[in-house]
Every structure is written in structure tokens, then in C-alpha cells.
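**Student:** Construct the complete structure from the given sequences, taking the supplied hints into account.
The numbering used here numbers the first residue of the sequence shown as 1 and each following residue consecutively.
Keep in mind that the hints were calculated from the coordinates and are not lab data.
Heads up, a few of these hints could be off.
Straight-line alpha carbon distances no greater than 25 Å define the calculated BS3-like cross-link-like pairs of lysine-lysine that follow [unchecked claim]:
| no. | residue 1 | residue 2 |
| --- | --- | --- |
| 1 | Lys11 | Lys138 |
| 2 | Lys53 | Lys138 |
| 3 | Lys9 | Lys40 |
Computed spacing ranges between beta-carbons, pair by pair [as the list claims (entries may be wrong)]:
| no. | residue 1 | residue 2 | range |
| --- | --- | --- | --- |
| 4 | Thr139 | Thr274 | 37 to 45 Å |
| 5 | Thr324 | Asp37 | 37 to 45 Å |
| 6 | Gly286 | Trp319 | 30 to 38 Å |
| 7 | Thr338 | Ser26 | 49 to 57 Å |
| 8 | Gly236 | Thr139 | 20 to 28 Å |
| 9 | Val17 | Leu195 | 52 to 60 Å |
| 10 | Phe131 | Asp37 | 31 to 39 Å |
| 11 | Ala13 | Glu342 | 24 to 32 Å |
For glycine and all other residues, C-beta sits at the position ideal for the given N, C-alpha and C.
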Amino acid sequence: MTGCSITAKYKRADGQVINGSVINISNNSFDAVIDSDITKVVGTLKMLFSIEKDDVKVSTFLLLADVREGLLENTGSSGGSTGGGEVTVDLSNYYKKNETYSKAQIDSQFKDITNEKIDNVTLSDNVLTFFANSKTIKTITLPTSTTGGGTNGKEIELQKSTTHIQWRYVGDTDWTNLVALVDLKGNNGLSAYELAQEQGFGGNVGQWLQSLVPNLQIGTVETLDSGSNAIASITGTVENPLLNLGIPKGENGTGGSSDTLVTTNISGATLSLTTDKYQTATVVDGTEITLPTVTSFTEIHLFFNTTADLTLILPACKWQNGNTPTISASKTYEFIFTYTTEWLGGVIAYE
Numbered sequence: 001m002t003g004c005s006i007t008a009k010y011k012r013a014d015g016q017v018i019n020g021s022v023i024n025i026s027n028n029s030f031d032a033v034i035d036s037d038i039t040k041v042v043g044t045l046k047m048l049f050s051i052e053k054d055d056v057k058v059s060t061f062l063l064l065a066d067v068r069e070g071l072l073e074n075t076g077s078s079g080g081s082t083g084g085g086e087v088t089v090d091l092s093n094y095y096k097k098n099e100t101y102s103k104a105q106i107d108s109q110f111k112d113i114t115n116e117k118i119d120n121v122t123l124s125d126n127v128l129t130f131f132a133n134s135k136t137i138k139t140i141t142l143p144t145s146t147t148g149g150g151t152n153g154k155e156i157e158l159q160k161s162t163t164h165i166q167w168r169y170v171g172d173t174d175w176t177n178l179v180a181l182v183d184l185k186g187n188n189g190l191s192a193y194e195l196a197q198e199q200g201f202g203g204n205v206g207q208w209l210q211s212l213v214p215n216l217q218i219g220t221v222e223t224l225d226s227g228s229n230a231i232a233s234i235t236g237t238v239e240n241p242l243l244n245l246g247i248p249k250g251e252n253g254t255g256g257s258s259d260t261l262v263t264t265n266i267s268g269a270t271l272s273l274t275t276d277k278y279q280t281a282t283v284v285d286g287t288e289i290t291l292p293t294v295t296s297f298t299e300i301h302l303f304f305n306t307t308a309d310l311t312l313i314l315p316a317c318k319w320q321n322g323n324t325p326t327i328s329a330s331k332t333y334e335f336i337f338t339y340t341t342e343w344l345g346g347v348i349a350y351e
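**Tutor:** Rendered as C-alpha cells:
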């Protein structure tokens, strides 16, 4: 690795990213300097090292270490001491020898990459169309949930995985592949580097290779009113485009809930909450509150007023901060019950 430059970044278990330093670079190893600021958080420490030569990124690799009581512990590394130290990274069995490529070989390797840049996206009648070099490279018909009765129409959300753009209904756990990222490219170009020069690129080969890395990200995904048209737009830069989408939600089916406030009555001494999102009730001392049986994400807000201190029988759930609420006089209460994989409970007291 003589003649190479190496950068180090560390991500602590609390999410803090810290730039590090590297010394003693030899043919197949180097020393990473790890100080106490890097190792002061117990948990998994992610260490990302990037190797470059002549402005060309040769390799990037990731090491994981277990930090315990402020110490860096990793049986795959040597060095390290209380509050920081040095770790020797041996790449003799990892590092691949640099190879010299001719201009023709570089063109052959990277001519397809230059065509992966998406310069426009349109969405019309739920058909998503990707353009590169002013040519259509992919069309996708988005799923809808606007027909039929019964359960509520569902909202759609999108994400980008490492290999695909994916979709799912809000509340579902599994993602469905919508389009492979490798399919989002145009026709083969001629000579990739020459094509870039013809289009005004003035940097060297290393700078050009860096500029070819596509970075399509999902921007904002907005839920529109039922019955409206879906919309799409691209913001950001050519190198870092953001795909913004507006997806209409489906119609509420028969029996579906809405965001209106409904009154729930006590039967005997029991207040049986429904799946309506916003509910109000008159509670008295000794009232037992029960929750509905559900299997998917559900959110319930219960509002009630008090004129005296009350003792209520509350449902079994995981309460906010681990404390079962007490009910005092002359306040308005909002109980918030949320079901994910179990019922969670929170309370707000308004005076």
C-alpha cells in the first residue's frame, strides 16, 4: 500500500461519527489511532477504512469491534489500551494488488456506469417512468388500493434497499421489490470517458470515476387525499437526485375508521374502547377500561374530564416510563394507546 492514502471513520454505538487518523502505512498493514473519544461508548464500534491512490478509490472495508467499559476489544486486532491506543490492521490476506489499466480497459469497465444516471422521472396515472439521456429506461405501474369495500384503504410507502426500490402498505412488515436498481440504466454508450469529455467534463480519469457513482435517494413520500392524482418530482443535484412522490390513499371501506371524535359509552362499570382513533367518554370512580383485540398497528386517543380524584382499573400494557398513571381532580386527560406488537400506553394531563 506504499503510496496510498488511507482515511478512517468511526461510528460509535450512540450513532456519533468521528474522523480518525492512520499512521505507519506499509505494504500490507497500517496502524489506526483510536483515542478515548472513539471508545468511550460501550457497544459495537464500526470502523470504515478507505484506500485511495492517485485520486482513485482502490478499496473500502468495514471492521466491527466490541467496546466494553470504554475499552476497544476485538480479537482480530492488536493494540488498544484503556481510553484509546493504536490498532494494527493487517491486510496481507485481504488487500488486492493494484493493477494498471489501459484507457480501453477503463472504458470497457465503466461505459455502462455513465448511463445509470437518471435525469428525469414522471408519474402519470400511477405509471412511474424513469428517463436517462432523454430516453425511457423503465416504466412501473404502482399498486393501488382504491377499490372494493370492507377494510380501510391503505397508504403506500416506498424505500430504496441496496438492490431495489421497494413498496409496502403502511403497517405491513414485508417489503415488495418494485424495480431493481441495476435495471435503471440507459442504452450502452460509446467510450465512457470520451463521452464525458464531449459533454464538457474537464477532470482526470480518477475524478471522472468518482463522479459516476449513482446516488438515487427516496426524498419525501406524501400521502394525498383519496381520489387525487399521484405526483412525482426530482430535486437535489444530478449526482445526488432525490425522488419525491405523492401517493393517494385508498377509500375507507365499510366499517372503516376516520379522524372524527366519537363518544364511547360505559356499560356497567366497563368502558370498552373501539378501534376508532379519537374517542371521548365520561368516566367515574372504579371504571374499568379495556382495549380492543387487534393484530395490526392501531392508535387510540381517549379524552375525558375529571371533577374529583379517580381510581380506574387500567388495561395491561407497557406504560410510558413504566409508571401507571394516577388520576387527579379538575383536569382533562388524554390516554394514548398504540399497538405495534403489543399495547403501549401514555398519558397527557391538561390543566
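**Student:** Could you run down the list of hints and mark each one as holding or not?
**Tutor:** Outcome of the hint check:
Simply put, Lys11 and Lys138 have alpha-carbon atoms about 37 Å apart, too far for the 25 Å limit, and the pair is violated. With a C-alpha separation of about 36 Å, the suggested pairing of Lys53 with Lys138 is violated against the 25 Å cut-off. For the given pair, Lys9 sits about 16 Å from Lys40 by alpha-carbon distance, which is consistent with the 25 Å threshold. In this structure the hint that Thr139 and Thr274 lie 37 to 45 Å apart at CB holds, the actual value being about 43 Å.
The hinted window of 37 to 45 Å between Thr324 and Asp37 holds, with their beta carbons roughly 41 Å apart. Look at Gly286 against Trp319: about 20 Å separates their beta carbons, and that is not inside 30 to 38 Å. Remark: the range hint 49 to 57 Å for Thr338 to Ser26 is upheld by a beta-carbon distance near 55 Å. Between Gly236 and Thr139 the beta carbons are some 22 Å apart, a value that agrees with the proposed interval 20 to 28 Å.
As the Cβ distance of Val17 to Leu195 is approximately 36 Å, the hint placing it in 52 to 60 Å is violated. Taking 31 to 39 Å as the suggested C-beta distance range, the pair Phe131 and Asp37 does not conform, at roughly 46 Å. Checked against the given bound of 24 to 32 Å, the beta carbons of Ala13 and Glu342, roughly 25 Å apart, stay inside it.
Checked against the numbered hints given earlier, this structure breaks hints 1, 2, 6, 9 and 10; the rest are met.
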